[in-house]
Amino acid sequence: MPRRNFCKSIDLPLEYVYIKKRQQDVVRFLEANRIEFEEVDITMSEEKRQWMYKNIPEDRQPAQGNPLPPQIFSDDRYCGDYDGFFESKESNTVFSFLGLKPSLASKES
Numbered sequence: 001m002p003r004r005n006f007c008k009s010i011d012l013p014l015e016y017v018y019i020k021k022r023q024q025d026v027v028r029f030l031e032a033n034r035i036e037f038e039e040v041d042i043t044m045s046e047e048k049r050q051w052m053y054k055n056i057p058e059d060r061q062p063a064q065g066n067p068l069p070p071q072i073f074s075d076d077r078y079c080g081d082y083d084g085f086f087e088s089k090e091s092n093t094v095f096s097f098l099g100l101k102p103s104l105a106s107k108e109s
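Using my numbering, the letters of the sequence shown correspond one by one to residues 1 to 109.
Derived from the structure by calculation, the hints contain no laboratory data.
Note that beta-carbon positions come from the ideal geometry of N, C-alpha and C, so glycine has one too.
Hints should not be assumed to be uniformly reliable.
Listed next, the in silico DSS-like pairs over lysine-lysine satisfying Cα-Cα at most 27 angstroms (straight line) [said to hold, decoys possible]:
1) K20 with K54
2) K101 with K89
3) K20 with K48
4) K21 with K54
5) K89 with K20
6) K48 with K21
7) K21 with K89
Computed spacing ranges between beta-carbons, pair by pair [what the hints assert, rightly or not]:
8) R34 with D59: 30 to 38 angstroms
9) I35 with L68: 17 to 25 angstroms
10) E46 with S96: 31 to 39 angstroms
11) R60 with S91: 13 to 21 angstroms
12) K89 with E39: 16 to 24 angstroms
13) N92 with Q50: 31 to 39 angstroms
Let's have the full structure, built from the sequences with the hints guiding it.
As structure tokens, this is what we get:
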């Protein structure tokens, strides 16, 4: 099963622009590295939204409210949120973050 990027379609009120930019950053990385993924729009399915909320570990839940997209899963294994993705990109460990074998150019190989 491919990685799954849970996203949210939004009409882009100014306070939500950062969500869209973060979602695009994840998608661009996956596409650029030819990593198969499924983008799941949680605004289109209450069932998928609830699945995402339920499968984020309790210790990774925000103190208040619901977790914001993007949330990244590999099959049913929770990889992390955008901050974890960004940190793993910066430290060149993103393939491990995504549950993949490291690429030749990564520090992980």
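Hint check:
1. Restraint check: the Cα-Cα separation between K20 and K54 comes to about 22 angstroms, which is no more than 27 angstroms; the hinted pair holds.
2. Our distance criterion of 27 angstroms between C-alpha atoms is met by K101 and K89, whose separation comes to about 15 angstroms.
3. About 19 angstroms separates the Cα atoms of K20 and K48, which keeps this hinted pair within 27 angstroms; it holds.
4. Of the pairs offered as hints, the one joining K21 and K54 holds, with about 24 angstroms between alpha carbons and a cut-off of 27 angstroms not exceeded.
5. Note on K89 and K20: the hinted pairing holds, with a Cα-Cα distance of about 18 angstroms set against a maximum of 27 angstroms.
6. Between K48 and K21, the direct Cα distance comes to roughly 21 angstroms. Compliance with the 27 angstroms bound is thereby established for this hinted pair.
7. Distance check on the hinted pair: K21 and K89 sit about 16 angstroms apart at the alpha-carbon level, within 27 angstroms; holds.
8. In this structure, R34 and D59 meet the distance hint of 30 to 38 angstroms, their C-beta atoms being roughly 32 angstroms apart.
9. I35 and L68 have their C-beta atoms about 22 angstroms apart, which keeps the hinted 17 to 25 angstroms range intact.
10. The hinted range of 31 to 39 angstroms is satisfied by E46 and S96, whose Cβ atoms lie roughly 32 angstroms apart.
11. Taken as a hint, the range 13 to 21 angstroms holds for the pair R60 and S91, whose Cβ atoms sit roughly 18 angstroms apart.
12. Roughly 18 angstroms separates the CB atoms of K89 and E39, a value that falls within the hinted 16 to 24 angstroms.
13. For N92 and Q50, the hinted distance range of 31 to 39 angstroms is satisfied, since their beta carbons lie about 34 angstroms from each other.
Checked against the numbered hints given earlier, the structure satisfies every one of them.
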